[in-house]
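Trainee: Starting from the given sequences, assemble the full structure and let the hints guide the process.
Number of protein chains: 2
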Amino acid sequence: MNDNTHLSPAGSRQTPASNSRLYLQIADKLAQQINAGELKPGMRLPAERDLAQQYDVSRQTVREALIALEVSGLVDIRPGSGVYVLQEASLKSSLLAENAPGPLEIMEARLLLEGDAAALAAERISNEELLKLKAYLTQMISLVAQQRSAEAETFDGKFHQLIASATRNSALQSMIEWLWALRESSELSQLFAEKIRRQVAGPNIEAHEKIYLCLSRRDAAGAKAAMQSHIAQVTEAYVLLIGE
Amino acid sequence: MNDNTHLSPAGSRQTPASNSRLYLQIADKLAQQINAGELKPGMRLPAERDLAQQYDVSRQTVREALIALEVSGLVDIRPGSGVYVLQEASLKSSLLAENAPGPLEIMEARLLLEGDAAALAAERISNEELLKLKAYLTQMISLVAQQRSAEAETFDGKFHQLIASATRNSALQSMIEWLWALRESSELSQLFAEKIRRQVAGPNIEAHEKIYLCLSRRDAAGAKAAMQSHIAQVTEAYVLLIGE
DNA sequence: TCCGTAGAAGTGGTTTGACCAAAAATTTAT
DNA sequence: ATAAATTTTTGGTCAAACCACTTCTACGGA
Numbered sequence: 001m002n003d004n005t006h007l008s009p010a011g012s013r014q015t016p017a018s019n020s021r022l023y024l025q026i027a028d029k030l031a032q033q034i035n036a037g038e039l040k041p042g043m044r045l046p047a048e049r050d051l052a053q054q055y056d057v058s059r060q061t062v063r064e065a066l067i068a069l070e071v072s073g074l075v076d077i078r079p080g081s082g083v084y085v086l087q088e089a090s091l092k093s094s095l096l097a098e099n100a101p102g103p104l105e106i107m108e109a110r111l112l113l114e115g116d117a118a119a120l121a122a123e124r125i126s127n128e129e130l131l132k133l134k135a136y137l138t139q140m141i142s143l144v145a146q147q148r149s150a151e152a153e154t155f156d157g158k159f160h161q162l163i164a165s166a167t168r169n170s171a172l173q174s175m176i177e178w179l180w181a182l183r184e185s186s187e188l189s190q191l192f193a194e195k196i197r198r199q200v201a202g203p204n205i206e207a208h209e210k211i212y213l214c215l216s217r218r219d220a221a222g223a224k225a226a227m228q229s230h231i232a233q234v235t236e237a238y239v240l241l242i243g244e
Numbered sequence: 001m002n003d004n005t006h007l008s009p010a011g012s013r014q015t016p017a018s019n020s021r022l023y024l025q026i027a028d029k030l031a032q033q034i035n036a037g038e039l040k041p042g043m044r045l046p047a048e049r050d051l052a053q054q055y056d057v058s059r060q061t062v063r064e065a066l067i068a069l070e071v072s073g074l075v076d077i078r079p080g081s082g083v084y085v086l087q088e089a090s091l092k093s094s095l096l097a098e099n100a101p102g103p104l105e106i107m108e109a110r111l112l113l114e115g116d117a118a119a120l121a122a123e124r125i126s127n128e129e130l131l132k133l134k135a136y137l138t139q140m141i142s143l144v145a146q147q148r149s150a151e152a153e154t155f156d157g158k159f160h161q162l163i164a165s166a167t168r169n170s171a172l173q174s175m176i177e178w179l180w181a182l183r184e185s186s187e188l189s190q191l192f193a194e195k196i197r198r199q200v201a202g203p204n205i206e207a208h209e210k211i212y213l214c215l216s217r218r219d220a221a222g223a224k225a226a227m228q229s230h231i232a233q234v235t236e237a238y239v240l241l242i243g244e
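Taken in sequence, the protein lines are chains A and B.
Under our numbering, the first residue of the first sequence carries the number 1, and numbering increases by one thereafter.
Under our numbering, the first residue of the second sequence carries the number 1, and numbering increases by one thereafter.
If you are wondering where the hints come from, they were derived from the structure by calculation, not from laboratory data.
Each hint should be verified, as a subset may be incorrect.
[What the hints assert, rightly or not] So, partial list: chain B residues that the calculated Cβ filter (under 8 Å) puts toward chain A:
hint	residue
1	GLN60
2	SER72
3	PRO79
4	SER81
5	PRO101
6	GLU105
7	ILE106
8	GLU129
9	LEU172
[To be verified] If you anchor each label on the Cβ, the simulated ranges turn out as follows:
hint	chain 1	residue 1	chain 2	residue 2	range
10	B	ARG168	A	SER216	35 to 45 Å
11	A	GLN53	B	SER229	58 to 68 Å
12	A	GLN53	B	PRO79	20 to 30 Å
13	B	LYS29	A	ARG218	43 to 53 Å
14	A	GLU206	B	ARG44	45 to 55 Å
15	B	ARG198	A	LEU213	43 to 53 Å
16	A	ARG218	B	TYR55	50 to 60 Å
17	A	ASN127	B	LEU188	26 to 36 Å
18	A	GLU206	B	GLN190	44 to 54 Å
19	B	PRO41	A	ARG49	33 to 43 Å
20	A	SER58	B	GLN53	16 to 26 Å
21	B	TYR55	A	SER229	45 to 55 Å
22	A	ARG44	B	THR154	21 to 31 Å
23	B	THR154	A	GLY82	24 to 34 Å
Every residue, glycine too, gets a C-beta built ideally from N, C-alpha and C.
Mentor: Next up, the structure:
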């Protein structure tokens, strides 16, 4: 993980240094100086007592700011020695890009990971799981037909998650779960999903049917191709949205 | 991963809660409770004053620990209200989970993920990164020649991590980091690594050279094949160990 | 009885000033 | 010039306050 310049708490989207908490304001100011290159990597910044005087706050407040900077990886605190700048300027990503993976990054990762997962699942999935998968698919079809696309997407998620689980690899499964959770926690991804939901009726039934078919035939290569084509299609919709 | 989300300062590889700094010890303890599920998302944890008494430290120290937790995204501090556990879609949270992936699961996931990552990296890696990669390789060769295999493995990790970073996909990078962290946190994996370290001189130089060569030629397919063959070889060593 | 408001209690935020341990710089002795 | 002893600097911790804001509670009016 890189570019942890998110000093503010999760949900708070505020102008830098406008936070009500003083130690976060100080942390923001210092982070800005670091990212602006005024404080270069390796450089030791002033002693806590000096910073306190400089910003006209207490030493404790400065300490809390420095701790925030350390945890976010910008700075290295060496007891008895000083505080040193670690990370060099990451301006490009600090402004437009978020520290969290963007929607397209998530989709690219899904393309690779879920593709491989589908291939593995084709070889390892049980008949019971296939039945469950079929049931999810049926639910999805029914809900899409009723225009209840939001609910249909619930089963979309279950469908993919079940395939991940069928790999019999908990590491793979955890990572795919994480990618889905990331998507849901990302405002931008949510926005995309919302827009797409209005344009199309819901999850692509055909694509899921094809994946299911390949899995039921234990066709690893086919399942991988079907899954990747499916995810690529969704990604394409994202890209089109960005173009607007 | 956010992680961003590691509480300990960058370079310090210490046993959890063994840090000399008290506030990091407290932060680790709280983080463990959160990740273990003892403190569930949405739950408000005890007031700073209470925590201070509970852990027998000053309130200030508790505050610094909480700030570290907030910056790393585990917790939400609401002034005047309290400190609340956030639901975190974090890979790190499952790191200490009971059903941690086994060594072979980790290796299988690495085979897939790092294979894909190598292919992506071949197309996106910069010349600077290639130089860095080469430097790691050189260090590795030198250390292996001096029988310092443990240190050589440090550069092994850096080598793989740099490739992950060259994918320009932070999701991919985070997941690969996670897999390596898992390996290091797994006793069984550590045991394997220890045994293997005694049998072979250190990281397989040839395999890494081949990977580097493919990357420098921007040969995506070759890089993927080389990476997968490398990881498969390590996995094979694991399997042989299990057979004994 | 219900409901809103004023007050009390609780919580994080900040300040001050002090002392400690370890690192770094300086002086001293060899 | 070098090594050891000493002083200084630096982060780490503790303590006791006070503030501003949130939350809870109990009172009083409808």
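Trainee: Now tell me if each hint is right for this structure.
Mentor: Each hint, compared with the structure:
The interface hint given for GLN60 of chain B holds, since its Cβ lies 6 Å from the closest Cβ of chain A, which is under the 8 Å cut-off. The criterion of a C-beta within 8 Å of any C-beta in chain A is met by SER72 of chain B, whose closest approach is roughly 5 Å, and the hint holds. At a threshold of 8 Å, the smallest CB-CB gap from PRO79 of chain B to chain A is about 7 Å, leaving the interface hint in force. A cut of 8 Å between beta carbons decides the hint on SER81 of chain B: the least distance to chain A is about 13 Å, and the hint is violated.
For PRO101 of chain B, the interface hint holds, since its Cβ comes within 8 Å of a Cβ in chain A; the closest pair sits about 4 Å apart. Checking GLU105 of chain B against chain A by beta carbon gives a least distance of about 5 Å; that is within 8 Å, so the hint holds. With 8 Å as the threshold, the beta carbon of ILE106 of chain B comes within range of chain A, its nearest partner Cβ sitting at about 5 Å, so the hint holds. With a cut of 8 Å, the hint placing GLU129 of chain B at the interface with chain A is violated, because the nearest CB-to-CB distance is about 13 Å.
Because the smallest distance between the Cβ of LEU172 of chain B and any Cβ of chain A comes to about 5 Å, under 8 Å, the interface hint for this residue holds. Checked against the hint of 35 to 45 Å, the C-beta distance between ARG168 of chain B and SER216 of chain A comes to roughly 36 Å, which is consistent with it. In this structure the supplied range 58 to 68 Å holds for GLN53 of chain A paired with SER229 of chain B, their Cβ-Cβ distance being about 59 Å. A hinted range of 20 to 30 Å holds for the C-beta pair GLN53 of chain A and PRO79 of chain B, which are about 25 Å apart.
For the hinted restraint 43 to 53 Å between LYS29 of chain B and ARG218 of chain A, the CB-CB distance of approximately 48 Å keeps it satisfied. One distance hint, 45 to 55 Å for the beta-carbon pair GLU206 of chain A and ARG44 of chain B, holds here, with the actual separation near 47 Å. In this structure, ARG198 of chain B and LEU213 of chain A meet the distance hint of 43 to 53 Å, their C-beta atoms being roughly 49 Å apart. At about 55 Å, the CB distance of ARG218 of chain A to TYR55 of chain B agrees with the hint of 50 to 60 Å.
A hinted range of 26 to 36 Å for the beta carbons of ASN127 of chain A and LEU188 of chain B is consistent with their spacing of about 32 Å. Between GLU206 of chain A and GLN190 of chain B the Cβ separation comes to about 47 Å, which falls inside the hinted range of 44 to 54 Å. Distance hint check for PRO41 of chain B and ARG49 of chain A: the Cβ-Cβ separation is about 39 Å, which falls inside the suggested range of 33 to 43 Å. In this structure the supplied range 16 to 26 Å holds for SER58 of chain A paired with GLN53 of chain B, their Cβ-Cβ distance being about 23 Å.
Checked against the hint of 45 to 55 Å, the C-beta distance between TYR55 of chain B and SER229 of chain A comes to roughly 54 Å, which is consistent with it. A beta carbon spacing of about 26 Å between ARG44 of chain A and THR154 of chain B agrees with the range 21 to 31 Å that was offered as a hint. Checked against the hint of 24 to 34 Å, the pair THR154 of chain B and GLY82 of chain A passes, with Cβ atoms roughly 26 Å apart.
When held up to the earlier numbered hints, the structure conflicts with 4, 8 and fits the remainder.
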